[in-house]
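Trainee: Residues per chain, in single letters:
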Amino acid sequence: MSYLDNILFFVILSIGIGYFAINVKKILRNIKLGQDINRSDNPSERWKNMAMIALGQSKMVKRPVAGILHIFVYVGFVVINIEVLEIVIDGLFGTHRVFAFLGVFYNVLIGSFEILALLVLVAVIAFLIRRNIIKLKRFIHSDLKGWPKSDANYILYFEIVLMSLFLILNASDLWLQTMNVHHYTHAGSFPISQFLAPIFNGMNESSVILIERAAWWLHICGILVFLNYLYFSKHLHILLAFPNTYFANLNPQGQFDNLESVTKEVKLMMDPNADPFAVPAPDDNAVPSKFGAQDVQDLNWVQLLNAYTCTECGRCTSSCPANQTGKKLSPRKIMMDTRDRLVEVGNNIDTNKGVFIPDGKFLLGDYITPEELWACTSCNACVEECPVNISPLSIIMDMRRYLVMEQSAAPQSLNAMMTNIENNGAPWQYNQQDRLNWKNE
Amino acid sequence: MQETLIVPTMAEMLAQGKQPEVLFWVGCSGSFDDRAKRITKAFVRILNRANVEFAVLGTEEGCTGDPAKRAGNEFLFQMQAMMNIEVLNAYEAKKIVTACPHCFNTIKNEYPELGGKYEVVHHTEFLKSLLDDGRLTIEGGQFKGKRITFHDPCYLGRANKIYEAPRELIQKLDAELVEMKRSKANGLCCGAGGAQMFKDAEPGNKEINVERTEDALETKPEIIAAGCPFCNTMLTDGVKNKEKEADVKVMDIAELIANAQDL
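Here the protein sequences line up with chains A and B, keeping their order. By UniProt numbering, the letter at position 420 of the first sequence is numbered 420, and the numbering carries on one by one without gaps. By UniProt numbering, the letter at position 153 of the second sequence is numbered 153, and the numbering carries on one by one without gaps.
One should not assume that every hint holds.
Stated by the list, open to error - Calculated cross-link-like contacts (lysine to any residue; reagent style SDA-like; alpha-carbon spacing at most 20 Å):
hint, chain 1, residue 1, chain 2, residue 2
1, B, Lys117, A, Asn258
2, A, Lys137, B, Lys206
3, A, Lys439, B, Val22
4, B, Lys184, A, Asn251
5, A, Lys59, B, Ala185
6, A, Lys328, B, Lys161
7, B, Lys117, A, Glu260
8, B, Lys37, A, Asp434
9, A, Lys32, A, Pro370
10, A, Lys328, B, Lys199
11, A, Lys439, B, Phe32
12, B, Lys206, A, Asn258
13, A, Lys439, B, Lys199
14, B, Lys199, A, Lys59
15, B, Lys161, A, Gly326
16, B, Lys37, A, Tyr430
17, B, Lys199, A, Pro370
18, A, Lys267, B, Lys117
19, B, Lys206, A, Gly326
20, B, Lys199, A, Ser408
21, B, Lys199, A, Asp257
22, A, Lys137, B, Glu211
23, B, Lys184, A, Pro252
24, B, Lys199, A, Lys290
25, B, Lys199, A, Glu205
26, A, Lys59, B, Asn186
27, B, Lys117, A, Asp257
28, A, Lys328, B, Arg35
29, A, Lys439, B, Lys184
30, A, Lys137, B, Asn186
Said to hold, decoys possible - Residues from chain B shown here face chain A by an in silico Cβ test under 10 Å; the list is partial:
hint, residue
31, Gln19
32, Met79
33, Glu179
34, Ser183
35, Asn186
36, Lys199
Keep in mind the hints are simulated off the structure, nothing from the lab. All C-beta atoms in this analysis are idealised placements derived from N, C-alpha and C, irrespective of residue type, glycine included.
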């Protein structure tokens, strides 16, 4: 019967990881709903970007206060997870601090985990203050009304609970070690929790063991719950920031893609030898192409990956000239809407046994309005700001393309501009023959 | 006074069997907008002074398609692009200079895939190279010690990471270059990009050009320098909106250099 703990642990671990794996598959399936785009070029530059931007947090520190606090949480998250490995082994085999044989190195490891745990606590409390007491503009923005606001706070509360459990676990363990209780072999150094251990003085051994066990179980179960919470939250960036920075656009920010389907038609139009009545080659236009994006399936998979990666920090929106001057456009909302719609499309596929049944809704119109799209100046401030290289601008542009090329729904003044370009090669009504008149004026 | 600008066209060059050192892409704004035409002329005066053998397309030039593309009309963009590329390739253009960051970005980044591969430089880069090569010398002259702030055009700065060439030129004038709180990669748009120049702004509580002009005025400048005809228009309007046109001038970098030269 003494294996009951280990079996229970195995079951909980399997459920925790299994459920997460199912949801990861859903995310991948949804991302693959996007159009193809080749981002396999230049692997060395891509690895470098991932190392600098995701691993090295180089864009985070552009706003130093948030950047440094974020690094505490990030390093804490990555490093303390080494400890999770030990916790899993201990749980499966009933050992106590199985890596203790590492000796001094182990002490250094546990000691640094503790210091990081404290730094994470400090940072997370600062984040809560920034969101809820100082109320920084980008955190009380209308984009975040309701669930997104609670989501952000839940994540922070969760981290406080996890770090506190970690420190209580260590403190009770240290107390039991000091009391030479059986099973609790001396291991680790506890620069932080040594100050917590004295609270257990005066308690009896079995109560402290109970506290230690409770903290241990709650901590590991908490981690598994947190892991599974990711799928439902904006917090997926802790995983997706890595592929997202790898697959991000490498071209100059000013370069917008040239639609290939359009190139074909324009070339045909301009070719004097082309027969306008010729039957298109059989493989041509296998799928009737749509110009621009009306829904998430019209976007490419990198744009959909972007949507899942966005953690709604709002740096894009706070730097957007349109948003700053009171227009409806918010680049963050573009990303949030794209993800919400993608999840909706994914759920539709799930309930309809693997096929998407049109639901009469679209990303364009039902989530994102033309008014938002037309407010964009294409200035790239949002792209520049994003700490994980998301491009809200590319989505805005693809949707403008749909509005103009499929719906002819440009604002009147833009139609006039485009008519001028067509008629006289300039956005204003001037005769092309007058183009050099300035020389003699 | 009728000034004599030497502005050969590519057609004239070809007739003489010559290939210019650089093709000056004037752009629609530089050809037709009254304010921008002064920038065009200032740049030509400098080219003439430095004996740069250049040529323009003249009536064979057409809109690059930038505003159409940014408005979402990829068809119109590619039609314009292919017509321009046909002309440029027929003249075997190698190097192109332009005073418009939108033309610059489009020809440099979006034309190659459609068959138009050229070395494209912004006029601030070109002017800097003229100075570096000793083909042009400037002294501060009338701008010595003046406070000048530079507004980064989005399509020159963030879009193409060119931040230093215009600043170095301002410093060559012995002027005091003052930076706005938002500059270079963090620069704020003037409000004209993405085809906004050609439409009214969406409802909001402020115009973007006024917001940006406030950034510029905070530096207490005597001159706001720009490197884009559209930014120039937006900032000029912003200065008027703030009723500061008597104290603060909006000038293109080419105009600063030309004026310093008394050209």
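Trainee: Quickly compare the C-alpha distance for Lys59/A and Ala185/B to 20 Å and report which way the hint goes.
Mentor: Holds, at roughly 12 Å.
Trainee: Starting from Lys439/A, check that the Cα of Phe32/B is at most 20 Å away, please.
Mentor: holds (11 Å)
Trainee: Starting from Lys184/B, check that the Cα of Asn251/A is at most 20 Å away, please.
Mentor: holds (19 Å)
Trainee: For the pair supplied as a hint, Lys206/B and Gly326/A, is the alpha-carbon distance within the 20 Å limit?
Mentor: holds (7 Å)
Trainee: Would the hint linking Lys117/B and Glu260/A be met if the CA-CA limit is 20 Å?
Mentor: holds (18 Å)
Trainee: Does Lys199/B lie within 20 Å of Lys439/A when you go C-alpha to C-alpha?
Mentor: Violated, at roughly 29 Å.
Trainee: Measure nothing beyond the straight line between the CA atoms of Lys161/B and Gly326/A; if it is 20 Å or shorter, mark the hint as holding.
Mentor: Outside the cut-off at roughly 28 Å; violated.
Trainee: Would you check the hint for Lys199/B and Pro370/A, treating anything up to 20 Å between C-alpha atoms as holding?
Mentor: Roughly 14 Å separates the two Cα atoms, so the pair holds.
Trainee: Verify the proposed pairing of Lys117/B with Asp257/A, using a straight-line Cα cut of 20 Å.
Mentor: Holds, because 16 Å separates the two Cα atoms, which is no more than 20 Å.
Trainee: For the pair supplied as a hint, Lys199/B and Lys59/A, is the alpha-carbon distance within the 20 Å limit?
Mentor: Not OK: Lys199/B and Lys59/A at ~34 Å, beyond 20 Å, violated.
Trainee: Within 20 Å, alpha carbon to alpha carbon, are Lys199/B and Lys290/A?
Mentor: violated (26 Å)
Trainee: Please verify whether Lys199/B and Ser408/A have alpha carbons no more than 20 Å apart.
Mentor: holds (16 Å)
Figure legend: structure checked against the earlier numbered hints; hints not met, in rising order: 6, 9, 12, 13, 14, 15, 21, 24, 25, 28, 29, 31, 33, 34.
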